[in-house]
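2 protein chains.
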Amino acid sequence: MAADKVILLDFYPSMFGMRARVALAVKGVEYEYREEDLRNKSQLLLESNPVHKKIPVLIHNGKPVCESLIIVEYIDEVWDHKSPLLPSDPYLRAQARFWADYIDKKMYAAGRKVWTTQGEEQEAGKKEFVETLKQLESELGEKPFFGGDSFGFVDVALITFSTWFHTYETLGNFSIKEHCPKLIEWVKRCLEIGDVSKALAEPNKIYDFALARKSKFAAQ
Amino acid sequence: MAADKVILLDFYPSMFGMRARVALAVKGVEYEYREEDLRNKSQLLLESNPVHKKIPVLIHNGKPVCESLIIVEYIDEVWDHKSPLLPSDPYLRAQARFWADYIDKKMYAAGRKVWTTQGEEQEAGKKEFVETLKQLESELGEKPFFGGDSFGFVDVALITFSTWFHTYETLGNFSIKEHCPKLIEWVKRCLEIGDVSKALAEPNKIYDFALARKSKFAAQ
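As they're listed, the protein sequences go chains R and G. For any residue, its number in the working numbering is found by taking its place in the first sequence, counting from 1, and adding 5. For any residue, its number in the working numbering is found by taking its place in the second sequence, counting from 1, and adding 5.
Treat the hints with caution; some may be incorrect.
You can't tell identical chains apart in this list, so a pair holds if it fits in one copy or across any two.
To be verified - Once the Cα atoms are required to be at most 20 Å apart in a straight line, the calculated SDA-like pairs of lysine to any residue come out as:
| hint | residue 1 | residue 2 |
| --- | --- | --- |
| 1 | Lys139 | Glu190 |
| 2 | Lys59 | Asp106 |
| 3 | Lys110 | His57 |
| 4 | Lys58 | Trp104 |
| 5 | Lys59 | Ala223 |
| 6 | Lys58 | Asp109 |
| 7 | Lys111 | Ile75 |
| 8 | Lys68 | Pro55 |
| 9 | Lys68 | Asp106 |
| 10 | Lys132 | Leu188 |
| 11 | Lys203 | Ala115 |
| 12 | Lys87 | Phe222 |
| 13 | Lys68 | Ile12 |
| 14 | Lys46 | Phe16 |
| 15 | Lys68 | Ser93 |
| 16 | Lys46 | Gly33 |
| 17 | Lys110 | Pro55 |
| 18 | Lys46 | Asn209 |
Calculated directly from the structure, the hints in this document are not laboratory data.
Model the full structure from these sequences, guided by the hints.
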């Protein structure tokens, strides 16, 4: 694999981009990180993802792969020498894909309502966000990771959102731990994995980014 | 595989349910089809898909798999003796997953606007619908199938929508063939595969269903 050239087109605060970063990190893949300015996207991004024009894009030996969960599954299939993310059993694979899809369908939209809205809309967002996390906490059950004894596909899909928890809690004025203590314990376990924590954005930087965005919304 | 017990909880006009029917058909898997009354869902459906409470659900030897593309991928992995749906190369697999995801994100919502709305909203829906199909036609290119020389994952994901084309065209007063002639040729090629055409709903029955739904909307 020494000859592999891997480039990641990404945006620092993106929980979707972070999924690719985490997967590459746990697989020990070296890559070139390229930060995109989303208001002035690079020609490479526009050419690599002409359909959605979104980050993240993983470019492996010149060939682009788009959409974060598809990228993670691609990484898992190409670099299959260590840290398998999806289980080998078809039923367990289907279950992992189901929960990753659930996170995609629910977490971003609910989280966004928490930090960008006010009043009733924000309360509804918080309710939806907490219900989503509780559902995930219930799926986690007593297992150390969603992947069972080891960090897996659903763990990758969800852990990147934890970098936003401080922002959701501060701007939404609520405590996630109060509602979902076991999920917060799971976050801690994930962060103890060095490759995972190194690949994640810093919660304080996410918060600064969110505050800057909010003041821009307010000015518009 | 003779001892396998396979049940599909489904709803006849559903393009998502039809994906499971098509995948099971091309794999030659025998199964019990159970039509759901979506206004009075069975206890089995509610227990098998407690998160979304939606069809289709594939129950394989008592274990439920939910979400249509996840079901198709599961079927492809379990019954891997014939008609592979996803290619074996990781990059081609990622591409197939990308286009199936694109269909999921775009087709249903655009199609729904075409047949349930009027006036400007309907025109916008038609525009979006045609643009989506043109994008897919461009991806198909000169290949016989999205899967290349053989019917594959993206073909399964999209062909089920063709059973609704008559409804979209009649209620939207436009011709899909006029905009996307090569895609209509692709539909014909898919329908020549006996196992595929047998598994699809009849366009006239879909139309009757849509008309009944529309008159119910109007009465509300």
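Hint-by-hint comparison with the structure:
no. : hint              : in the structure
1   : Lys139 <-> Glu190 : within (13 Å within a copy, 48 Å between copies)
2   : Lys59 <-> Asp106  : both (18 Å within a copy, 14 Å between copies)
3   : Lys110 <-> His57  : both (17 Å within a copy, 11 Å between copies)
4   : Lys58 <-> Trp104  : between (26 Å within a copy, 15 Å between copies)
5   : Lys59 <-> Ala223  : neither (25 Å within a copy, 39 Å between copies)
6   : Lys58 <-> Asp109  : both (18 Å within a copy, 17 Å between copies)
7   : Lys111 <-> Ile75  : both (18 Å within a copy, 17 Å between copies)
8   : Lys68 <-> Pro55   : within (13 Å within a copy, 39 Å between copies)
9   : Lys68 <-> Asp106  : between (25 Å within a copy, 19 Å between copies)
10  : Lys132 <-> Leu188 : within (16 Å within a copy, 44 Å between copies)
11  : Lys203 <-> Ala115 : neither (26 Å within a copy, 41 Å between copies)
12  : Lys87 <-> Phe222  : neither (44 Å within a copy, 54 Å between copies)
13  : Lys68 <-> Ile12   : within (10 Å within a copy, 40 Å between copies)
14  : Lys46 <-> Phe16   : within (11 Å within a copy, 43 Å between copies)
15  : Lys68 <-> Ser93   : between (26 Å within a copy, 17 Å between copies)
16  : Lys46 <-> Gly33   : neither (28 Å within a copy, 47 Å between copies)
17  : Lys110 <-> Pro55  : between (23 Å within a copy, 16 Å between copies)
18  : Lys46 <-> Asn209  : neither (25 Å within a copy, 46 Å between copies)
The structure shown violates the earlier hints numbered 5, 11, 12, 16 and 18.
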